[in-house]
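Peer 1: Residue strings, one per chain:
Protein chains: 2
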Amino acid sequence: MKSEIDALMASHNLDAILVIGPGQHNPPMVYLTGGAHLTHAELIKKRGEPPILFHAPMERDEAARTGLTTRMIEAALVEKMIKENNGDLTQAYGALYCQMFTDLGLTSGRLAIYGLSDVGRTYAILAELQKKLPGLEIVGEMGRSMLLTAMATKSRDEIERIRGIGQAATGVIGQVAEYLTSHAVRDEILMKPDGSPLRIGDVKRRIDTWLAEKGGENPEGTIFAIGYDAGVPHSTGNAQDPLRLGQTIVFDFFPREAGGGYFYDITRTWCLGYATDEALALYEDVLHVYQQSRQALQLGMPCRDYQALACELFEGRGHPTLRSYPGTTEGYVHSLGHGLGLHVHELPMFRLTASDEERLLPGVVITVEPGLYYPSRNLGVRLEDTIWARPDGVFETLAEFPLDLVLPMKSVNG
Amino acid sequence: MKSEIDALMASHNLDAILVIGPGQHNPPMVYLTGGAHLTHAELIKKRGEPPILFHAPMERDEAARTGLTTRMIEAALVEKMIKENNGDLTQAYGALYCQMFTDLGLTSGRLAIYGLSDVGRTYAILAELQKKLPGLEIVGEMGRSMLLTAMATKSRDEIERIRGIGQAATGVIGQVAEYLTSHAVRDEILMKPDGSPLRIGDVKRRIDTWLAEKGGENPEGTIFAIGYDAGVPHSTGNAQDPLRLGQTIVFDFFPREAGGGYFYDITRTWCLGYATDEALALYEDVLHVYQQSRQALQLGMPCRDYQALACELFEGRGHPTLRSYPGTTEGYVHSLGHGLGLHVHELPMFRLTASDEERLLPGVVITVEPGLYYPSRNLGVRLEDTIWARPDGVFETLAEFPLDLVLPMKSVNG
Numbered sequence: 006m007k008s009e010i011d012a013l014m015a016s017h018n019l020d021a022i023l024v025i026g027p028g029q030h031n032p033p034m035v036y037l038t039g040g041a042h043l044t045h046a047e048l049i050k051k052r053g054e055p056p057i058l059f060h061a062p063m064e065r066d067e068a069a070r071t072g073l074t075t076r077m078i079e080a081a082l083v084e085k086m087i088k089e090n091n092g093d094l095t096q097a098y099g100a101l102y103c104q105m106f107t108d109l110g111l112t113s114g115r116l117a118i119y120g121l122s123d124v125g126r127t128y129a130i131l132a133e134l135q136k137k138l139p140g141l142e143i144v145g146e147m148g149r150s151m152l153l154t155a156m157a158t159k160s161r162d163e164i165e166r167i168r169g170i171g172q173a174a175t176g177v178i179g180q181v182a183e184y185l186t187s188h189a190v191r192d193e194i195l196m197k198p199d200g201s202p203l204r205i206g207d208v209k210r211r212i213d214t215w216l217a218e219k220g221g222e223n224p225e226g227t228i229f230a231i232g233y234d235a236g237v238p239h240s241t242g243n244a245q246d247p248l249r250l251g252q253t254i255v256f257d258f259f260p261r262e263a264g265g266g267y268f269y270d271i272t273r274t275w276c277l278g279y280a281t282d283e284a285l286a287l288y289e290d291v292l293h294v295y296q297q298s299r300q301a302l303q304l305g306m307p308c309r310d311y312q313a314l315a316c317e318l319f320e321g322r323g324h325p326t327l328r329s330y331p332g333t334t335e336g337y338v339h340s341l342g343h344g345l346g347l348h349v350h351e352l353p354m355f356r357l358t359a360s361d362e363e364r365l366l367p368g369v370v371i372t373v374e375p376g377l378y379y380p381s382r383n384l385g386v387r388l389e390d391t392i393w394a395r396p397d398g399v400f401e402t403l404a405e406f407p408l409d410l411v412l413p414m415k416s417v418n419g
Numbered sequence: 006m007k008s009e010i011d012a013l014m015a016s017h018n019l020d021a022i023l024v025i026g027p028g029q030h031n032p033p034m035v036y037l038t039g040g041a042h043l044t045h046a047e048l049i050k051k052r053g054e055p056p057i058l059f060h061a062p063m064e065r066d067e068a069a070r071t072g073l074t075t076r077m078i079e080a081a082l083v084e085k086m087i088k089e090n091n092g093d094l095t096q097a098y099g100a101l102y103c104q105m106f107t108d109l110g111l112t113s114g115r116l117a118i119y120g121l122s123d124v125g126r127t128y129a130i131l132a133e134l135q136k137k138l139p140g141l142e143i144v145g146e147m148g149r150s151m152l153l154t155a156m157a158t159k160s161r162d163e164i165e166r167i168r169g170i171g172q173a174a175t176g177v178i179g180q181v182a183e184y185l186t187s188h189a190v191r192d193e194i195l196m197k198p199d200g201s202p203l204r205i206g207d208v209k210r211r212i213d214t215w216l217a218e219k220g221g222e223n224p225e226g227t228i229f230a231i232g233y234d235a236g237v238p239h240s241t242g243n244a245q246d247p248l249r250l251g252q253t254i255v256f257d258f259f260p261r262e263a264g265g266g267y268f269y270d271i272t273r274t275w276c277l278g279y280a281t282d283e284a285l286a287l288y289e290d291v292l293h294v295y296q297q298s299r300q301a302l303q304l305g306m307p308c309r310d311y312q313a314l315a316c317e318l319f320e321g322r323g324h325p326t327l328r329s330y331p332g333t334t335e336g337y338v339h340s341l342g343h344g345l346g347l348h349v350h351e352l353p354m355f356r357l358t359a360s361d362e363e364r365l366l367p368g369v370v371i372t373v374e375p376g377l378y379y380p381s382r383n384l385g386v387r388l389e390d391t392i393w394a395r396p397d398g399v400f401e402t403l404a405e406f407p408l409d410l411v412l413p414m415k416s417v418n419g
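Quick note, the sequences are listed as chains A and B, same order.
Going by this note's numbering, the first residue of the first sequence is number 6, and it counts up by one from there.
Going by this note's numbering, the first residue of the second sequence is number 6, and it counts up by one from there.
These are calculated hints, taken from the structure and not from any lab test.
Take the hints with a grain of salt, since some may be wrong.
Note that the list lumps identical chains together, so a pair holds whenever it fits in one copy or between two copies.
Claimed, not checked - Subject to a maximum C-alpha distance of 30 Å in a straight line, what follows is the list of computed DSBU-like cross-link-like pairs (lysine-lysine):
(1) K415 / K7
(2) K7 / K85
(3) K415 / K197
(4) K51 / K136
(5) K85 / K197
(6) K51 / K85
(7) K415 / K136
(8) K88 / K137
(9) K7 / K51
(10) K197 / K7
(11) K415 / K85
(12) K219 / K88
(13) K219 / K197
(14) K415 / K219
(15) K197 / K136
(16) K85 / K137
Please construct the entire structure, taking both the sequences and the accompanying hints into account.
Peer 2: Structure, rendered in structure tokens:
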């Protein structure tokens, strides 16, 4: 949680942090500013002190709206730096950064860098800054960074935003179900009013339209995969595939608040019209593991324990898992879930190899998403919900939608 | 153009380039791979040799679909590096990069870095690589980089993609005009069927929905600003503002192909129902400068000349400009245009201070967007189109839409 940042900076041995890049579509900057309409900014925070947002003159109003302490980088200062460095932009911006840090009394100590931005420009400026301030230790944290650790536990306000985009997501899923089941059927294939088959590309276009109506965006695309593709967890589905009765459809939907805000993540597996015995049996195994894992969630437990539980349950039902057959592409081939927030995947992770620190702390938002994949049999099933670990110990699904496998068609014409 | 990269690498004195980050929403990677669905990848290209795409095992199919030479980074290799470096991820990835470069015989020379990615992670790995390969000069180009120079001139295929999103954009603008003028009016304010005023937030939601239907996304939002906000070029408009007859509305729309592809950029200024004499006079001045600048476009000319021309024309009509009153917030307060492609703003730029190299080379795609702003009078007017400098010397607007100021209302109820 944001309120823990000073304590986390101490435990990560950081004296200051620097966040670089645009104000939107940049999770660290969105987290610390609230998502301002800034083309480019620098945010510097010393441990124990409030952050300072450096901005361009044109974006004064947007910067002020964050409520943070702001400092304008005057155009005249930039021009002066460029002139003093004979037009060398890297040296000029290195000098500018050096002045920003010197003015804040930050010429030594450990400084961590965050942001989604131009890596070439940033490397060049930071390497120049490092030369000018050799006492400063510039740190790029990898793995469990200070900021990702803070972001893992959510405030009430963040929960309500995730719930809001979750409600948009389940609204769209309901519209898709209604849309699919309203189609006519010929030779087991869904047909459009114009007599051509309904294809996955048509469905995805509808998904994006309905999502936009509800204030969401879909930066990572949607997995809507049928048959063989449903059996390959990272396949997003083939736009040309027609929709056929009886086949498993994996619909994994992970939209974001428009403008680069919070994500939601939910998966349903559907069979249109009817399910084969084979599909139904797989579905029942996945549903069982979903329910058992869901019920076992408990504050403070290590996340890897749930991955071990899921492997045990699937193996008990005769399926290969990554534990029993490392590298398998059939059976249970991924991990049980992940944290979610301004990134679709963030801490904590449910891998078997996750560290002991990856635990169900109060405030984390996680997914639970067991699945089974048999591409050789054109079958895949996954069920996923986004769940909040409430401080009172209740694990709450943030947006509900029925888990049903079969979507009955409204009219079946032969 | 992509075919010029080797020559540009020579003129920029680069022996190799490294592109880092995801396969989508990352212009340098999209440019060189075509936009693959890759979570993270590294692309290395030596001068005079084809690029090599390094990818994770799970993303083999997506990497192969790019048609590039690919190399899988084996999970076992990553684990080995982590073990050898006692769990230090920065050192492990530094060693991994070092091996990639050593395998390619790249242990010296100048290496430029590109990509939109995690700046902390990238800085840490590159600083480690630099330690391991001191003979390699790691360059973060700023300003007119090699890659931005290549991207400035477009191939036929890129033109057709920009034209396609342009047609989506003008389609949406037509729908917005139809939507606005179909509303009832009470006391000069547009009213929804439920009796409440139509607000800018309602219009923006429609824009995103219609755009999604046409396969576009709107990562940067839309400027749809009325009255005072129309007079402030960087204001995106207030969602709560009602739509009022007679006021200038600046509608600046810059959508992108869904998934992080090419942009389009177009602006129209509208008055609903009627225009005041004051608004009409400003509009005519802007239209005059638009037409004169448009007609003056000529292959090979320096872009700054057009900014000078626009200033001269506006000053001749009695308006302050950035040239006559540096820092003015009234009159003509920005530059005449910019290049456009996988970035909404790219080379060439039309600033007065633009270098002599910023020219209308065959194949550039630019905007022409003169405007006048008088926030103190609640007035702003801007007209903008996206124009392709064809190799035959014709300057072609890629998607046409009428420039009209007044949108007559279909029914005016008192």
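Peer 1: Would you pick out the hints that fail for this structure and give their numbers low to high?
Peer 2: Going through the list in order, the structure violates hints 1, 2, 5, 7, 10, 11, 12, 15 and respects the others.
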